[in-house]
Amino acid sequence: MGRLLPLFGFLALFALLGFGIWWNQYHETNEIPSPLIGKHAPEFTLPLLDNAQKSISEQSLRGEPYLLNVFASWCVACEEEHPVLTQYAPQLGVKLIGYNYKDQPDDAKRWLARFGNPYALTIADLPGSVAIDFGVYAAPESFLVDASGVIRYKRIGPFTAQIIEQELKPMIAKLSSSATP
Amino acid sequence: MKPYLTLLLLALVLCCSSAQAIDPLPFKDRAEELRFQLLTKQLRCPLCQNESLADSQAGVAKDLRQKVFAMMQAGQSDEQIKTFLTDRYSNFVLYDPPLKGGTLLLWFGPLAALITGGFALLLIVRRRARQAVVVSTTTASEEDW
Numbered sequence: 001m002g003r004l005l006p007l008f009g010f011l012a013l014f015a016l017l018g019f020g021i022w023w024n025q026y027h028e029t030n031e032i033p034s035p036l037i038g039k040h041a042p043e044f045t046l047p048l049l050d051n052a053q054k055s056i057s058e059q060s061l062r063g064e065p066y067l068l069n070v071f072a073s074w075c076v077a078c079e080e081e082h083p084v085l086t087q088y089a090p091q092l093g094v095k096l097i098g099y100n101y102k103d104q105p106d107d108a109k110r111w112l113a114r115f116g117n118p119y120a121l122t123i124a125d126l127p128g129s130v131a132i133d134f135g136v137y138a139a140p141e142s143f144l145v146d147a148s149g150v151i152r153y154k155r156i157g158p159f160t161a162q163i164i165e166q167e168l169k170p171m172i173a174k175l176s177s178s179a180t181p
Numbered sequence: 001m002k003p004y005l006t007l008l009l010l011a012l013v014l015c016c017s018s019a020q021a022i023d024p025l026p027f028k029d030r031a032e033e034l035r036f037q038l039l040t041k042q043l044r045c046p047l048c049q050n051e052s053l054a055d056s057q058a059g060v061a062k063d064l065r066q067k068v069f070a071m072m073q074a075g076q077s078d079e080q081i082k083t084f085l086t087d088r089y090s091n092f093v094l095y096d097p098p099l100k101g102g103t104l105l106l107w108f109g110p111l112a113a114l115i116t117g118g119f120a121l122l123l124i125v126r127r128r129a130r131q132a133v134v135v136s137t138t139t140a141s142e143e144d145w
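Quick note, the sequences are listed as chains A and B, same order. Counting in full-length UniProt numbering, the first sequence runs from 1 upward without gaps. Counting in full-length UniProt numbering, the second sequence runs from 1 upward without gaps.
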């Protein structure tokens with residue numbers, strides 16, 4: 001027994017290493033869990049991207065669920081995500097709202113003209129101050145907000161077809177089932 | 001020669017300390033600047049997680065520094081500022097996470113490992129010492145023979 005002890009020690013360390021490798025494969029260690037999930041979306045009033053005179057508030061969005069997609073023309077991963085969002089937007093069953101983050105309006109408009117505009121409407125946060133309230137730290141990020149204005153799900157990084165099917169769609173399905181009790 | 005050297009060193013130190021301030025903020029005095037620097041050093045940049053808010057050049061870090069500064073101007077305490085940030089970015093922004101259920105392992109894990117290791121070492125040393133005594137008495141008796 002005593003002679004086997006070092007072997008057990010080694011096996012324990014080996015198991016720990018294996019667990020670490022396995023864990024990192026399935027978990028993005030850079031992702032910050034949002035403390036906002038289950039809480040009310042922060043209050044904001046932001047101008048529309050294509051009409052700076054008109055602004056949209058958090059309250060005016062209540063009543064139906066929406067997916068808020070944080071994007072910017074300077075964001076490379078957004079370019080990757082954009083075709084996926086454009087493809088899935090009509091079949092998601094929730095309103096897709098663009099959140100233009102720290103971007104020059106002209107750059108953003110040109111970007112949308114070039115890659116297509118899947119958003120029902122786009123709000124612009126040039127200074128990025130409201131984004132702090134949302135806990136945004138990079139683009140793309142997306143928030144699923146339910147009809148009463150509560151954040152139900154957050155995605156950090158680009159959506160892929162797989163993530164939409166496996167994570168987003170079930171979350172949206174849960175929204176509609178809890179909305180009609 | 002010596003005064004020149006001192007001057008040179010002083011110049012070096014001064015130029016380095018001014019290089020630390022990434023974006024110039026209108027501090028009202030040195031104490032406020034020190035408080036700001038101390039606070040932002042304890043906060044972690046959410047984007048580049050191996051850098052503090054004080055050091056990071058990331059856009060969000062710059063925005064957060066400005067937010068921290070604005071909150072300081074508004075008379076908020078360090079605790080209030082930290083709470084504001086953890087409400088939005090979770091405990092990840094703190095280099096010193098608070099002591100609670102989920103962080104017990106983080107806080108006491110190393111201590112537990114140290115104690116376990118210490119006990120193991122103690123056991124091994126004791127056993128060896130006992131064996132050594134047995135060996136030495138047997139060799140001693142052999143020599144007597």
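Keep in mind that a hint or two might mislead.
Here are the simulated lysine-lysine pairs, DSS-like style, with alpha carbons at most 27 Å apart [said to hold, decoys possible]:
(1) Lys102(A) / Lys100(B)
(2) Lys39(A) / Lys67(B)
(3) Lys102(A) / Lys41(B)
(4) Lys102(A) / Lys82(B)
(5) Lys39(A) / Lys100(B)
(6) Lys62(B) / Lys28(B)
(7) Lys154(A) / Lys28(B)
(8) Lys41(B) / Lys95(A)
(9) Lys54(A) / Lys28(B)
(10) Lys62(B) / Lys102(A)
(11) Lys109(A) / Lys28(B)
To be clear, the hints were calculated from the coordinates, so they are not data collected in a lab.
Hint by hint, here is what the structure shows:
1. Between Lys102(A) and Lys100(B) the CA atoms are separated by roughly 36 Å; this puts the pair beyond 27 Å, and the hint is violated.
2. Restraint check for Lys39(A) and Lys67(B): the C-alpha separation of about 22 Å stays at or below 27 Å, so the hint holds.
3. Restraint check for Lys102(A) and Lys41(B): satisfied, since their Cα atoms lie roughly 25 Å apart, inside the 27 Å limit.
4. Between Lys102(A) and Lys82(B) the CA atoms are separated by roughly 24 Å; this keeps the pair inside 27 Å, and the hint holds.
5. Straight-line distance between C-alpha atoms of Lys39(A) and Lys100(B) comes to about 21 Å, which keeps the hinted pair within the 27 Å bound.
6. At roughly 19 Å between alpha-carbon atoms, Lys62(B) and Lys28(B) fall within 27 Å of each other, so this suggested pair holds.
7. A hinted pair counts as satisfied when its Cα atoms are at most 27 Å apart, and Lys154(A) with Lys28(B) does not qualify at roughly 39 Å.
8. Our distance criterion of 27 Å between C-alpha atoms is broken by Lys41(B) and Lys95(A), whose separation comes to about 40 Å.
9. Simply put, Lys54(A) and Lys28(B) have alpha-carbon atoms about 38 Å apart, too far for the 27 Å limit, and the pair is violated.
10. Of the pairs offered as hints, the one joining Lys62(B) and Lys102(A) holds, with about 12 Å between alpha carbons and a cut-off of 27 Å not exceeded.
11. Restraint check for Lys109(A) and Lys28(B): not satisfied, since their Cα atoms lie roughly 40 Å apart, outside the 27 Å limit.
Checked against the numbered hints given earlier, the structure breaks hints 1, 7, 8, 9, 11 and satisfies all the rest.
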